[in-house]
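Dock chain B against chain A, hints included.
Going line by line, the protein sequences match chains A and B.
Residue numbers for the first sequence follow this note's numbering, beginning at 1 and rising by one.
Residue numbers for the second sequence follow this note's numbering, beginning at 113 and rising by one.
Since the hints were derived computationally from the structure, they do not count as laboratory data.
On a predicted model such as this, the values are computed, not experimentally measured, just so you know.
Just so you know, even glycine gets a beta-carbon here, dropped at the ideal spot from N, CA and C.
Any given hint could be a false lead.
Said to hold, decoys possible - In silico BS3-like links for lysine-lysine, alpha-carbon gap of 30 Å or less:
| id | chain 1 | residue 1 | chain 2 | residue 2 |
| --- | --- | --- | --- | --- |
| 1 | A | LYS70 | B | LYS153 |
| 2 | A | LYS59 | B | LYS153 |
| 3 | A | LYS111 | B | LYS153 |
| 4 | B | LYS153 | A | LYS107 |
| 5 | A | LYS56 | B | LYS153 |
| 6 | B | LYS153 | A | LYS57 |
| 7 | B | LYS153 | A | LYS104 |
| 8 | A | LYS56 | A | LYS104 |
| 9 | B | LYS178 | A | LYS104 |
| 10 | B | LYS132 | A | LYS104 |
To be verified - Some chain A residues near chain B, calculated using beta-carbon distances under 7 Å:
| id | residue |
| --- | --- |
| 11 | GLU41 |
| 12 | GLY42 |
| 13 | PRO43 |
| 14 | ASN99 |
| 15 | LEU100 |
| 16 | PHE102 |
| 17 | LYS104 |
| 18 | GLY105 |
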Amino acid sequence: TQLLEQSPQFLSIQEGENLTVYCNSSSVFSSLQWYRQEPGEGPVLLVTVVTGGEVKKLKRLTFQFGDARKDSSLHITAAQPGDTGLYLCAVRYGGSQGNLIFGKGTKLSVKP
Amino acid sequence: GAVVSQHPSWVICKSGTSVKIECRSLDFQATTMFWYRQFPKQSLMLMATSNEGSKATYEQGVEKDKFLINHASLTLSTLTVTSAHPEDSSFYICSATLHAGSYNEQFFGPGTRLTVL
Chain A
1 TQLLEQSPQF
11 LSIQEGENLT
21 VYCNSSSVFS
31 SLQWYRQEPG
41 EGPVLLVTVV
51 TGGEVKKLKR
61 LTFQFGDARK
71 DSSLHITAAQ
81 PGDTGLYLCA
91 VRYGGSQGNL
101 IFGKGTKLSV
111 KP
Chain B
113 GAVVSQHPSW
123 VICKSGTSVK
133 IECRSLDFQA
143 TTMFWYRQFP
153 KQSLMLMATS
163 NEGSKATYEQ
173 GVEKDKFLIN
183 HASLTLSTLT
193 VTSAHPEDSS
203 FYICSATLHA
213 GSYNEQFFGP
223 GTRLTVL
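Just chain A, same shape as in the assembly (with noise of 0.2 Å):
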């Protein structure tokens, strides 16, 4: 069983468009971190979400925390081809100190 689950699985959108990418699960997290990784490359760190109800703004993505810390979702505004990349969501298993589990990943493709 996934302990995160994100969707779309795929998503192909013209430049401009809005889109919004979830990540869910049954259980409570103390935080949660949404990544995008580049084909060929690690994944990089694009916020860290810790409160319930939490929104937080990166230039044109908005992330939020669910209110009961099981899910949250990502919002991107006016998408651009550089937005191009896999999602992901993690979270902590096992505490603040515990591994850092991710999801399957949102594929995005933006075209211009």
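Using the frame of chain A, we list chain B on its own:
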């Protein structure tokens, strides 16, 4: 931000040979490093936790005798894939944990693409 490097970035080897991959934290010390494996179109799967000065902790299903991990210093961990076979072909990514008080953040290396012929 902190930088983690990996060497080599890609390697092609013959079946049956061994391959060593290095992971270095360039501007910080890391008592803990992690090794992940990522197959095409899949997410990162944790293989093992590398602890400086002690034995690595392997995840279930990962053969410790096949994937040898050595964390000899606070800035270097190595993963050796012994007697590699084509099914070991994958993208291997390491990460290192930066501890700053109660705050911990993992920084990832750029990955090593291993192809076993």
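Legend entry - Satisfaction of hint between LYS57 (chain A) and LYS153 (chain B), Cα-Cα up to 30 Å: holds (28 Å)
Inset, instruction - Quickly compare the C-alpha distance for LYS153 (chain B) and LYS104 (chain A) to 30 Å and report which way the hint goes. - result: Roughly 9 Å between the alpha carbons, so the hint for LYS153 (chain B) and LYS104 (chain A) holds.
Legend entry - Evaluation of the interface hint that places LYS104 (chain A) against chain B, nearest CB under 7 Å: Holds. Min distance 4 Å.
Inset, instruction - Compare the distance between the alpha carbons of LYS111 (chain A) and LYS153 (chain B) with 30 Å, and conclude whether the hinted pair is satisfied. - result: Given that 30 Å is the threshold and the Cα spacing comes to 19 Å, the pair holds.
Legend entry - Satisfaction of hint between LYS104 (chain A) and LYS56 (chain A), Cα-Cα up to 30 Å: holds (22 Å)
Legend entry - Restraint status (C-alpha distance of LYS153 (chain B) to LYS107 (chain A) at most 30 Å): holds (9 Å)
Legend entry - Supplied contact hint for PHE102 (chain A), tested at 7 Å Cβ to chain B: holds (5 Å)
Legend entry - Interface restraint verdict for LEU100 (chain A) against chain B (beta-carbon cut-off 7 Å): Since chain B brings a Cβ to about 6 Å from LEU100 (chain A), closer than 7 Å, the hint holds.
Legend entry - Hint consistency between LYS56 (chain A) and LYS153 (chain B) [alpha-carbon to alpha-carbon, up to 30 Å]: holds (28 Å)
Legend entry - Hint check, ASN99 (chain A) versus chain B [nearest Cβ-Cβ separation less than 7 Å]: Holds: closest Cβ of chain B sits about 6 Å from ASN99 (chain A), inside 7 Å.
Legend entry - Status of the hint placing GLY42 (chain A) at chain B (closest C-beta pair under 7 Å): holds (4 Å)
Inset, instruction - Could you check if PRO43 (chain A) really has its C-beta closer than 7 Å to a C-beta on chain B? - result: The hint holds - PRO43 (chain A) has a Cβ within 7 Å of chain B, the shortest such distance being about 5 Å.
When each numbered hint is compared with the structure, no violation occurs for any of them.
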